[in-house]
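Residue strings, one per chain:
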Amino acid sequence: MEPSDEELCKRIAARDADAFELMVDRHQARAYRLASSILGNEADARDVSQDAFIRLYESAGGFDGRSRFSTWFYRILVNLCIDHQRRNRWWRRLAPLKTPGGDDPDEHAFDPPSSEAGPEGEAMLKQSIRRLRPALDKLSPQQRAAVLLQTQEGFTSREIGEVLKCSEATARVHVHRGIAQLRKLLQND
Amino acid sequence: MATIHPETEIVPYLRGELSADERARVVAHLEGCAQCRATADASSAMLSNLASVIDDVRDPDWRTYRAELRRKLRDAGESRGRVSARWPVFGWPSMAMGAAAVAVLAIAIVMHRGAASAPAPEVDQLELQQELSSTDVGLLANYHVVEHLDLLENYDVIEHLDELGPGDNRNHETSS
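Residue numbers (our numbering), protein chains in the order written: chain A, 1 to 189; chain B, 1 to 176.
With the rest of the complex left out, here is chain B (with noise of 0.2 Å):
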């Protein structure tokens, strides 16, 4: 029988947002697992530091800062100004150039496109599957590690996939 950690939820337990059903129920796994308990700790002294590092971020001059502000301020409100003032000379013409562009563009495509599907094969798409899967695809070594990425948010581990070593397993299941 598989045993889920609940690892996502030792920072909510330890900061009190978990209702009490939650709470009971990491209780009773961090009293049965040392492991958890060892995160809990590691993630209870790591929080306590990273809220030391916004107190140590020096302050500007708050005047200087503020007249900073009022001064981009005034410059974004007159750029916007003098752009707005141009629409109703320039504005109406060259948005329609710009469709009648966008239009003859389009007709383009779609001339092109019938043109091009007359002659085209027919693709048995059995035949490609399987030679898809015979082909060497060196990524799906480390599919369990996409599955677990967001993709936003892990391009660098994306971008280094192909370095990642057979032992960098990312499942959070252990068996017990």
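In isolation and in its complexed conformation, chain A is listed as follows (with noise of 0.2 Å):
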């Protein structure tokens, strides 16, 4: 039977290397994917979701059990975005966030997702993904992770204020503003 989490964490809290592996192993496509879309960033995803396993290995003593390990591990991360993405605030500005697909920092391109509607259904999600993605990046920190944690992650309102380290009225007010900024953002668009 496979371990828990919260049974990884204290195996990690006494420097079990092996449940490290595993729990890496069982949460770094989550955790590198939540961190690429609150950054924008692939190489910038690749480096906070390392730190956030860093912190874990480093900090699995002070988890209490009083929250579930993802809640407790999405706080880690998703402060690790936010405070990357204060540091490169300024540089933000000067240079605008280039995505995997071009140069032009314009041109928000993925690879075509895999869809089973057709070319032309796969042709209308790539073009709301472009348009949506740079939208994003002009949400507050707080609202694009409350945002991203509750659609991506499945986080109730509850977990995502206590991911953000807010109440749960604060946390549906940050999901609330976001998804009504993108709309508006995509309107005038």
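If you are wondering where the hints come from, they were derived from the structure by calculation, not from laboratory data.
If you're wondering where the values come from, they're calculated on a predicted model, not measured in any experiment.
Simulated coverage check for chain A against chain B, where a stretch passes if three residues somewhere in it have a Cβ under 8 Å from a Cβ of chain B:
{"id": "1", "segment": "24 to 34"}
{"id": "2", "segment": "37 to 49"}
{"id": "3", "segment": "52 to 58"}
{"id": "4", "segment": "132 to 142"}
{"id": "5", "segment": "145 to 154"}
{"id": "6", "segment": "163 to 175"}
Virtual Cβ for every residue (Gly too), placed ideally from N, Cα, C.
Combine the two chains into a complex, taking the hints into account.
Written out as structure tokens, the structure reads:
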């Protein structure tokens, strides 16, 4: 039987390298994808998600089990993403974000996602994501994190509040404002 | 009578997060409010689109990713080891010198404040307040916006408050 995240965390606190490997293997894809969605940059997502695992290794003993492990770990990850963005804020203003697919900063191209809706549906999905990505970058870090934790990780408002260290009501406000802002940005686009 | 639109509860409603009471209240409101129904429809579409953003992220080569992580972890451990190895030699004397410097600085500040506070003229608080209130403070024109801001998250808006138009009202209450 697979050990739970909480059990692995205890073993990591006791410096069990195998437990750490297993934990990384279990969460690397979700952590990387969430960081990539928040940061909009794959190289940064790689660095920041790796840093989150290092923090996990260093502070596993601090996990008290009162919340779910995933909530605790994503709090570390999201905080690192927000810190990273704040540190790079001045630079981002000078140099627009680059996403894979081209040198044109306005061309937020991605590889075509797999879609069962055929080429037409695929093209529409690609187009809507192309517009959504730069709009996401315009949200505040908290709004972006709240919206992505909800839509991509399936976190409830209470769990988002735990990650962002705010009340459930404030988490709902972050999500509401984020979605409203995205709609506004896409309407004006 | 003012109608409060349950704006922040629409997404939790769509995601099935609400309690039975909250859900019933939102459903009842949606039945009578076309504006919130439109918001709910648009939010639902937006949530669906957002979910596909993550599917669009390309995975790195995980073997390389984990090799980099192991190297970073080793570097972090070595760097911590170097720091902790230095502490027994340089740590306590450095800390003692630092504490002494802080104490000297604190005494100097207290003495300076004591000297400066003696001749300070009395200020008529009421007069000062009146003078301030008669001053044209441009930002107060947008106070209704400030009221709805989380200071930490909306620094962009705060930075550009002076660019907001008079019609940019974020009050979500409407009269019915």
